Amino acid sequence: MAKWGEGDSRWIVDERRDGTNINGWHWEERNMMKWSRERIESLLVGVDLDVPVSEGRATVTELSKFEGDSSVSTRKGGKKFGCFDLSFTVKWRGVVGVAADSTEDEDEVKGEIVVKEFCSTNDEDEYDFAVSAKDGKSESKALLKSRVEKSVEAILLPKLRQFCEELKEM
1 MAKWGEGDSR WIVDERRDGT NINGWHWEER NMMKWSRERI ESLLVGVDLD VPVSEGRATV
61 TELSKFEGDS SVSTRKGGKK FGCFDLSFTV KWRGVVGVAA DSTEDEDEVK GEIVVKEFCS
121 TNDEDEYDFA VSAKDGKSES KALLKSRVEK SVEAILLPKL RQFCEELKEM
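Residues in the sequence shown are numbered from 1 upward in steps of one, following full-length UniProt numbering.
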C-alpha cells in the first residue's frame with residue numbers, strides 16, 4: 001500500500017476532486033428519480049378505485065407531488081440493490097349519481113391520496129395511505145371517501161409491488 005500522495009501511473013483509479021467512481025471500481029450508484037416518477041405515474045394514473053358501480057365511480061387522475069430519493073446501486077461483482085424513500089400524492093376524481101354510467105344527477109367529488117414513506121426498507125403493512133375528499137356535496141364526499149379508503153390499499157399495493165420489482169431489475 002502506498003503512502004498518501006505516492007502513486008503509480010499504472011493504477012487504474014486516481015484520486016479525483018469530483019469524487020467520481022471511475023469504471024465502477026467497487027460500486028456504482030445511479031439516480032432513478034426521473035424513471036421512478038414516470039413509472040409510478042404510469043402505474044397509478046387511470047387506475048379505477050374499487051367503488052361499487054351502483055354508488056358511483058372513482059379514478060386516479062394525476063400524480064401531483066413526488067419527493068424523495070430513488071437509486072440503483074451495483075456492487076462489485078454485479079449485485080444490484082434498488083433503494084428508494086419516496087412520498088407522493090395522487091389526485092382522484094369520482095362521481096356519485098343515480099346511475100353511475102349516465103351523466104344525469106351526478107355529483108363530482110375530487111380528492112387526494114397521500115402516500116408517506118414509501119420506502120425500500122419498510123414492510124407493506126407500514127405504508128400509510130391518507131385519503132381526502134373535497135368539492136361536492138357532503139354526502140357524496142363522505143360516501144366516495146369511505147369507499148376509496150376501503151379499496152385504496154388493495155388496489156395500489158400490487159402496483160407499488162410491481163414498481164419495487166422493476167426497480168430491482170434496472
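Don't read these hints as lab results, they were simulated from the structure. All of these numbers come straight from a predicted model, not from anything done at the bench. We treat Cβ as the ideally placed atom computed from N, Cα and C, and that holds for glycine. Hints are supplied without guarantee of correctness; some may be wrong.
Using C-beta positions, here's what the derived DEER-type ranges look like [to be verified]: (1) GLU108 with LYS34: 28 to 34 Å; (2) SER73 with GLU139: 16 to 22 Å; (3) GLY46 with LYS168: 30 to 36 Å; (4) ARG161 with GLU108: 27 to 33 Å; (5) LYS137 with PRO52: 14 to 20 Å; (6) HIS26 with SER138: 18 to 24 Å.
Calculated lysine-lysine pairs in the DSSO-like style (CA-CA distance at most 30 Å, straight line) [stated by the list, open to error]: (7) LYS137 with LYS79; (8) LYS137 with LYS168; (9) LYS145 with LYS76; (10) LYS145 with LYS79; (11) LYS34 with LYS137; (12) LYS91 with LYS79; (13) LYS91 with LYS34; (14) LYS110 with LYS76; (15) LYS79 with LYS110; (16) LYS141 with LYS110; (17) LYS150 with LYS79.
Here is how each hint holds up against the structure:
no.	hint	result
1	GLU108 with LYS34: 28 to 34 Å	holds (33 Å)
2	SER73 with GLU139: 16 to 22 Å	violated (50 Å)
3	GLY46 with LYS168: 30 to 36 Å	violated (24 Å)
4	ARG161 with GLU108: 27 to 33 Å	holds (31 Å)
5	LYS137 with PRO52: 14 to 20 Å	holds (18 Å)
6	HIS26 with SER138: 18 to 24 Å	violated (59 Å)
7	LYS137 with LYS79	violated (53 Å)
8	LYS137 with LYS168	violated (44 Å)
9	LYS145 with LYS76	violated (48 Å)
10	LYS145 with LYS79	violated (43 Å)
11	LYS34 with LYS137	violated (38 Å)
12	LYS91 with LYS79	violated (37 Å)
13	LYS91 with LYS34	holds (20 Å)
14	LYS110 with LYS76	violated (48 Å)
15	LYS79 with LYS110	violated (44 Å)
16	LYS141 with LYS110	holds (8 Å)
17	LYS150 with LYS79	violated (39 Å)
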